[in-house]
Amino acid sequence: MLSFIARRLGLLIPTFFGVTLLTFALIRMIPGDPVEVMMGERRVDPQMHAQAMERLGLNKPLYAQYLDYIGNLAQGDLGQSLRTRESVWSEFLTLFPATLELSLAALLFAGSLGLIAGVIAALKRGSLFDHGVMGISLAGYSMPIFWWGLLLIMFFSVWLGWTPVSGRIDLLYDIPPVTGFMLIDSLLSEEPGAFVDALRHLILPAIVLGTIPLAVIARMTRSAMLEVLREDYVRTARAKGLSPARVVFVHGLRNALIPVLTVFGLQVGALLAGAVLTETIFSWPGIGKWLIESIGARDYPVVQNGILLIACLVILVNFVVDILYGLANPRIRHQK
Amino acid sequence: MSLLDIKNLSVRFGDANAVPVVDGLDLSVAKGEVLAIVGESGSGKSVTMLALMGLIDAPGIVSADSLQFDGTDMLRLKGRQRRHIVGKDLSMVFQDPMTALNPSFTVGFQIEEVLRQHLGLKGKAARQRALQLLERVEIPAAASRLDAYPHQLSGGMSQRVAIAMAIAAEPKLLIADEPTTALDVTIQAQIMELLLDLQREQDMALVLITHDLAVVAETAQRVCVMYAGQAVEIGQVPQLFDAPTHPYTEALLKAIPEHSLGARRLASLPGIVPGRYDRPHGCLLAPRCPYAQPRCSAQRPALEAHERGAMRCYFPLNLTAEVV
Chain A
51 MLSFIARRLG LLIPTFFGVT LLTFALIRMI PGDPVEVMMG ERRVDPQMHA
101 QAMERLGLNK PLYAQYLDYI GNLAQGDLGQ SLRTRESVWS EFLTLFPATL
151 ELSLAALLFA GSLGLIAGVI AALKRGSLFD HGVMGISLAG YSMPIFWWGL
201 LLIMFFSVWL GWTPVSGRID LLYDIPPVTG FMLIDSLLSE EPGAFVDALR
251 HLILPAIVLG TIPLAVIARM TRSAMLEVLR EDYVRTARAK GLSPARVVFV
301 HGLRNALIPV LTVFGLQVGA LLAGAVLTET IFSWPGIGKW LIESIGARDY
351 PVVQNGILLI ACLVILVNFV VDILYGLANP RIRHQK
Chain B
7 MSLLDIKNLS VRFGDANAVP VVDGLDLSVA KGEVLAIVGE SGSGKSVTML
57 ALMGLIDAPG IVSADSLQFD GTDMLRLKGR QRRHIVGKDL SMVFQDPMTA
107 LNPSFTVGFQ IEEVLRQHLG LKGKAARQRA LQLLERVEIP AAASRLDAYP
157 HQLSGGMSQR VAIAMAIAAE PKLLIADEPT TALDVTIQAQ IMELLLDLQR
207 EQDMALVLIT HDLAVVAETA QRVCVMYAGQ AVEIGQVPQL FDAPTHPYTE
257 ALLKAIPEHS LGARRLASLP GIVPGRYDRP HGCLLAPRCP YAQPRCSAQR
307 PALEAHERGA MRCYFPLNLT AEVV
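From first to last, the protein sequence lines are chains A and B.
Numbers 51 to 386, taken from the numbering used here, label the letters of the first sequence in order.
Numbers 7 to 330, taken from the numbering used here, label the letters of the second sequence in order.
Don't take each hint at face value.
As the list claims (entries may be wrong) - Think about it this way: if two alpha-carbon atoms lie no more than 30 Å apart in a straight line, the pair counts; the simulated DSS-like pairs of lysine-lysine are:
{"no.": "1", "chain 1": "B", "residue 1": "K94", "chain 2": "B", "residue 2": "K13"}
{"no.": "2", "chain 1": "B", "residue 1": "K37", "chain 2": "B", "residue 2": "K94"}
{"no.": "3", "chain 1": "B", "residue 1": "K128", "chain 2": "B", "residue 2": "K94"}
{"no.": "4", "chain 1": "B", "residue 1": "K128", "chain 2": "B", "residue 2": "K13"}
{"no.": "5", "chain 1": "A", "residue 1": "K174", "chain 2": "B", "residue 2": "K84"}
{"no.": "6", "chain 1": "B", "residue 1": "K128", "chain 2": "A", "residue 2": "K174"}
Stated by the list, open to error - Partial pick of chain B residues on the chain A-facing surface, computed with a CB cut under 10 Å:
{"no.": "7", "residue": "F19"}
{"no.": "8", "residue": "G60"}
{"no.": "9", "residue": "V92"}
{"no.": "10", "residue": "P109"}
{"no.": "11", "residue": "L127"}
{"no.": "12", "residue": "S150"}
{"no.": "13", "residue": "L152"}
Said to hold, decoys possible - A short, non-exhaustive set of chain B residues, derived as facing chain A with CB atoms under 7 Å:
{"no.": "14", "residue": "H157"}
{"no.": "15", "residue": "L159"}
{"no.": "16", "residue": "S160"}
It should be emphasised that the hints constitute simulated quantities derived from the structure, not laboratory data.
Even for Gly, the Cβ is constructed at its ideal location relative to N, Cα and C.
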């Protein structure tokens, strides 16, 4: 187990350098620079422009800029936003809980519904329900997130008026950030109606963000379950006189969960990518929206390090999933 | 009264007109008896017993006049009532022990599950009983095996665990579906011995499904020979081996390698088992039978009782009194 962890940590190093190099290069390939964006539409005075660039250290050759960047990283310095002068790390910490809350809600939605739909589809293979679930999940998987989000806003928020259009909570409420999770903070604030309002704000973005993972999990659960139900040990379980529910949910699902768990882990990466779009559509103040705005402003430090932090997060989650995988599958756990 | 009495059992896959995999089978097993069912692959041996256990799924169709077990007609039982019997009074050991145990649960868990389901044993009591069962099936270091996962056990060991699970609730009838086919030859004898020990000790009936006529000769009291879904001969063990009445039984016995010592080829019947499209109108063996007469292909013979058992042939061998 220790060597497994060491190997995984060793893999982090090349990934880490790859991400820094990629973000460093990509953001500089976009035409324009931070100073131009800050100066706005007006024609920039070349001399002022040069001065500003020198002040920001952006006049140095690219390799020197990269070395500066890596040198700062090595000292644990993620730099400051060029726009707000705030440190990237503190901005990340402020905004991340919003994204985490949204992602967890989306995973909860996708995981619970996907497992149930997948199991039922497998049990009723070839039925209308099965075809329905598989058809809908294919559609869900193929749907561009931004379009799907706009459709839902139009339907539920504009026509039906059931949910708010954007944000995390109504501006009427002044919720002091304690945990950063609006659902928890709104409960702590003891303001009447705040929790329900936060929940109503969360539902639609969570559904939009959870749609693709939901589709993947439902399909994966169905196929894993179909395979497992054909296994001899399921017949053995039935021959013991166990109830059908116990056969399916204990003997079947426990084994079907193993491949589903892997997919679940991979979806976390997709989820953070999806969060960028979802947060933009719903004006959700999380790191996705933060990154989009920073790219627009050519806020180099924020883009570089924000993406780096997300990459580390994805790696961390997959690492945790790998460990969970061992817990779910005794055949892997016992390998020395 | 017999413990198990199957009357006119048919199993089809597909619709009611599909060729039956088991075709009008009558079979009975007495209390404490060892019955062997022999026949080649696809002759319907396992399917018969799976039908009794209620383990045939759609598109399989099970029909019978009755499936009487211990005074209950299994065919008329619904879900919950059936599950009170299956796994308790009527249990089964399967062919491949390496796939028959659930890889995600410990051996102890899988045995305790039966104890909880049928005997209401929980916690320490269940664990204690599971340990006794593992010791009873002669698993070495049984206490440490309770927490082992199936992939940590050998094939023979896994089969012992499967047997422990099957006898956990002291069944009246144990069905062993080729319990040794997937095992090493040296282990095969041990497993057979274990099954027979348990059978004697608990006075339970044992139905042994097998290809191995040598095993039948050593263990069973009665044999049912199946061919293409039908019972062609049922008889007591020494007599059936000494003087088979059905030509198929005779051919099976001739095909035992020891009977062909010195010969260059094993004796065998020409042709293959009839399939879906070439199922004969008359006797199913007629196209391959060395003794076939015109009558055999015209009309299908019924299973007729005689002084030593029953057979399905118009021209039986080795019978003194003509039955037809």
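> Any hints this thing doesn't respect? Which numbers, in order?
Replying inline: Result: hints 4, 6, 7, 11, 12, 13, 15, 16 break, sorted rising.
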